[in-house]
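Student: Sequence:
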Amino acid sequence: MKLKNKIALVTGTGSQIGFGKGIAIKLAVEGCDVICADIDLPGAQKTADAVKKLGGKSMALELDITDRAAVDTAVIKALETFDHIDILVNCAGRASGLRPFVEMTQDMWDIDININLRGTMNVTQAVLPGMLERGYGKIVNFSTHAAHQPTGLAGAAVYVAAKAGTVMFSKTLAGEVGARGININIIAPGPGATNFHRVSGGDPRMAGLVDNLAKAGKTTTPEDIANAVAFLVSDVSSKLSGQILEVSAPMGERRS
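Per the working numbering: the sequence shown = residues 394 to 649.
Be careful, since some hints might not be right.
Restraint ranges, calculated between C-beta atoms of paired labels, are given here [said to hold, decoys possible]:
id, residue 1, residue 2, range
1, D503, L434, 17 to 25 Å
2, K450, P522, 17 to 25 Å
3, D500, L434, 34 to 42 Å
Keep in mind the hints are simulated off the structure, nothing from the lab.
For glycine and all other residues, C-beta sits at the position ideal for the given N, C-alpha and C.
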């Protein structure tokens, strides 16, 4: 994948069964040094330790992506150790839970919008100037499979809206900085057997859906997502920017 000696910042690496850790491990296998960031510092440290065991350099950062000042401080700390960042993967995300829109509070709106859209913008704006200065950068942002379906996901109107907003933010920014050596793409995962649904309110309906998909071999795995990210941040995909890559199991047949 031609990632040797690249330096990556990956958010959302705290969960030990999540997409973020899977991405960090895959990038390390491909030769990257990885900055592991999460609001859960002990979890991020475990992921950083796993990267080091693979021979890569790594550090863990405590990062609340909704706090812009904290984001700036964390990025400065990362740059004191690694000098620059070649790759940014904005994987951190969560939802406020499944419930009818009319029953949602503004605090719930804030969870969905501030983490999934504003958080992505916060980290991107903190990292992007260094990429522009060097004339090189790869950014991968995260949407959701539900944001690209005709009816979204019932009970998740604000979450899906935030993820759709992330798509247009990414596409527009890709056009803005593309001539300066920056590629920005989006991954839209299908349901995965990760901690996402537990930290997003633990809705039993969503948990049941994921369980049923897992039994049928149709959940999206961290390895699925990590392979897609590794492709998008490599120079093999240098002609791709502003694109959405949906990563989900085909619904028509059982996966082997």
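Student: Would you list, in rising numerical order, the hints stated earlier that this structure does not obey?
Tutor: Structure breaks hint 3 only.
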